[in-house]
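Undergrad: Heads up: the protein sequence lines correspond to chains A and B, in order.
Everything in the first sequence is counted per the numbering used here, starting at 1 for the first residue and increasing by one.
Everything in the second sequence is counted per the numbering used here, starting at 1001 for the first residue and increasing by one.
Derived by calculation from the structure, the hints in this document are not laboratory data.
Computed from a prediction, not measured in an experiment: that's the story for all the values here.
Check before you lean on any hint, since a few could be wrong.
Computed cross-link-like contacts, SDA-like style, restricted to lysine to any residue with a CA-CA straight-line distance of at most 20 angstroms [claimed, not checked]:
1. A:K445 with A:P405
2. A:K345 with B:K1002
3. B:K1002 with B:V1024
4. A:K345 with B:R1010
5. B:K1040 with A:L384
6. B:K1040 with A:K445
Pairwise CB distance ranges (calculated) [as the list claims (entries may be wrong)]:
7. B:D1032 with A:T2: 26 to 32 angstroms
8. A:S320 with B:P1087: 38 to 44 angstroms
9. B:E1050 with A:K20: 54 to 60 angstroms
10. A:K20 with B:E1068: 47 to 53 angstroms
11. A:D29 with B:E1068: 16 to 22 angstroms
12. B:A1022 with A:R294: 53 to 59 angstroms
13. B:D1086 with A:G270: 51 to 57 angstroms
14. B:T1036 with A:A28: 21 to 27 angstroms
15. B:A1053 with A:P335: 36 to 42 angstroms
16. B:E1050 with A:D57: 34 to 40 angstroms
17. A:M1 with B:R1072: 48 to 54 angstroms
18. A:D57 with B:L1009: 53 to 59 angstroms
19. A:A243 with B:A1053: 18 to 24 angstroms
The beta carbon of each residue, even a glycine, is placed where N, CA and C say it ideally should be.
Residues per chain are reported as follows:
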Amino acid sequence: MTPGTEWGIASVRAALEAKKISARELAADFYARIERRNKELNAFLALSPERAYAQADRMDAARARGETLPALAGVPVAIKDVISTRGVRTTCGSRILETYIPPYDATAVERLEAAGAVVLGKTNCDEFAMGSSNENSAYGPVRNPVALDRVPGGSSGGSAAAVAAGLAVAALGTDTGGSIRQPGACCGIPAMMPTYGRVSRRGLIAFASSLDRIGPFARTVRDNAAVMAVIAGHDPNDSTSAAVPAGDYTRGLDEAVAGLKIGIPAEYFGAGMDPEVRQKVEGGIEVLKRLGCRPVELRMRHTDYAIATYYVIATAEASSNLARYDGVRYGLRVPGGTLLEMYGKTRDRGFGAEVKRRIMLGTYALSAGYYDAYYLRAQRVRALIARDFTEAFTQVDAIITPTAPTPAFKLGERTADPLQMYLADIYTVTGSLAGIPGISVPCGKTAEGLPVGMQIFGPHFSEARVLQLAHAFEKAGGFGG
Amino acid sequence: MKISREEVLRVAELAHLELTEAEVETYRGQLDSILTYIEKLNELDTSAVEPMAQVLYASESENPALREDEVRTCDVADAILAQAPDPEKHYFRVPKVIER
């Protein structure tokens, strides 16, 4: 067993309560492992030991006073670097924010700390969460701990790699088109994208506001559920946050799944899928059948249009959101003779190639003469994709698909062709556009030992059901399969 | 060809990106192939479909209510200015915009 991976949320709690270890000792233990592994993996961009030890000491003091410890007391967690952390450098994987120190915490981070979690540091990611391999980080790519010559997936590659390598018990990532689920699949751990609006986006540095979501990585479904229970819920400071009660997702996890109807959409099992991925996901569906789930064949006719739709909407929103990086209020400034020269030089120097490409594409799609043909049309197709899901969920409780068409690819293999890279998200962007929750769970390994992910989608706000299915699958040995 | 060199320069100007000559040519080619791929959206008849600008939930109660408009203290000016590349007292300083 990789050192560090023996810790889960329940075992941290048990060890603290039995006084086998203190929260401070546990944090120090994780920092020692990060010290040993991070040079190779490049999963962390910044560490926050002062903050972590102060929090660990608070938990140890609470324990000494005999208080009931909060849900995540002493649990070492990592935070993707697009999520704001007060006083801790937050770069978004970009040169343009190389020196940026947020003056406030994201609501999700506040909630984790209020529940006792110990924030170890910030994890590497594709610049502004734009990418599927982590190779778009200005601070170098992350390596996949399962196979060091492979990408960890992206954009939340650092969070996925940190958890898979035992450098954190859980982590927060963000998902706009697949950026939690796909790295979860590549690194062989369960990872969840909640319903849009389920987790507050306050303090999440925006990429595409109608799609962006914060969600967890952990080594078990139960630990994903435990993190979800803490971070989910309404936030008056995020106007897109849903006023739907969240509840404790760890309860009801063990309920039987027999009788649930699982949809198998033909469009997700077509050409372009690696044969070993197909075999593993089909094997996963067999496991669910043995648990009593009833498969229903589905057609989701607009699936093939999802990548095109996504890359218009996400880039249009990005071009608008990233207009704020102009060298005036924060981050990098490259001097210029005039204000416009300063803007142009700052943005050309500060942004990497993929971010500029997306800003260009989004600006084009929103520009006079093209708005109707690209942006408005994409929004209409988005409605059709969402309708496919609404109709499917009148027949089934959940939908099962592969998470990604291939296992983790080699570093450098796809960097020359942006379109090829975009196709890594072909099975994940649909759920992003529809706003529904989805989880990726490991469903076995290829002959080469690379993890394969199976994706479970559910209707809006069905996190409890999605987690229950994923947990039943995990318990039935689906992960080993 | 979906996008010309002139259009690339125009878009870069709109986006305030001062591209190098090499970047202009790279982006023209890459945007061209991406836009060609996006053309597939034209295969669909969307004339009767309302554009979806954001995720809408099934019921009104799931939609977030506007919060009360009440005064709350917000004392972060110094912390925010501390992040500015060229702050001065309570201002962000920039190159001169208006000639007098």
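Undergrad: Confirm or reject each hint.
TA: For each hint, the structure was consulted:
1. A:K445 with A:P405: Given pair K445 of chain A, P405 of chain A holds - Cα atoms ~14 angstroms apart, limit 20 angstroms.
2. A:K345 with B:K1002: At roughly 27 angstroms apart (the allowed maximum being 20 angstroms), K1002 of chain B and K345 of chain A break the hint.
3. B:K1002 with B:V1024: Measuring from Cα to Cα gives roughly 15 angstroms; hence the hint holds.
4. A:K345 with B:R1010: Given that 20 angstroms is the threshold and the Cα spacing comes to 16 angstroms, the pair holds.
5. B:K1040 with A:L384: holds (14 angstroms)
6. B:K1040 with A:K445: violated (34 angstroms)
7. B:D1032 with A:T2: 26 to 32 angstroms: violated (45 angstroms)
8. A:S320 with B:P1087: 38 to 44 angstroms: violated (26 angstroms)
9. B:E1050 with A:K20: 54 to 60 angstroms: holds (59 angstroms)
10. A:K20 with B:E1068: 47 to 53 angstroms: holds (48 angstroms)
11. A:D29 with B:E1068: 16 to 22 angstroms: About 46 angstroms separates the Cβ atoms of D29 of chain A and E1068 of chain B, which means 16 to 22 angstroms is violated.
12. B:A1022 with A:R294: 53 to 59 angstroms: holds (57 angstroms)
13. B:D1086 with A:G270: 51 to 57 angstroms: At 54 angstroms between Cβs, range holds.
14. B:T1036 with A:A28: 21 to 27 angstroms: Distance hint for T1036 of chain B, A28 of chain A is violated at roughly 54 angstroms.
15. B:A1053 with A:P335: 36 to 42 angstroms: Between A1053 of chain B and P335 of chain A, where Cβ atoms are some 38 angstroms apart, the hint holds.
16. B:E1050 with A:D57: 34 to 40 angstroms: Violated: the Cβ-Cβ distance is about 54 angstroms, outside 34 to 40 angstroms.
17. A:M1 with B:R1072: 48 to 54 angstroms: Given range 48 to 54 angstroms: holds, Cβ gap about 49 angstroms.
18. A:D57 with B:L1009: 53 to 59 angstroms: holds (57 angstroms)
19. A:A243 with B:A1053: 18 to 24 angstroms: The hinted range 18 to 24 angstroms holds for A243 of chain A and A1053 of chain B, with Cβ atoms some 20 angstroms apart.
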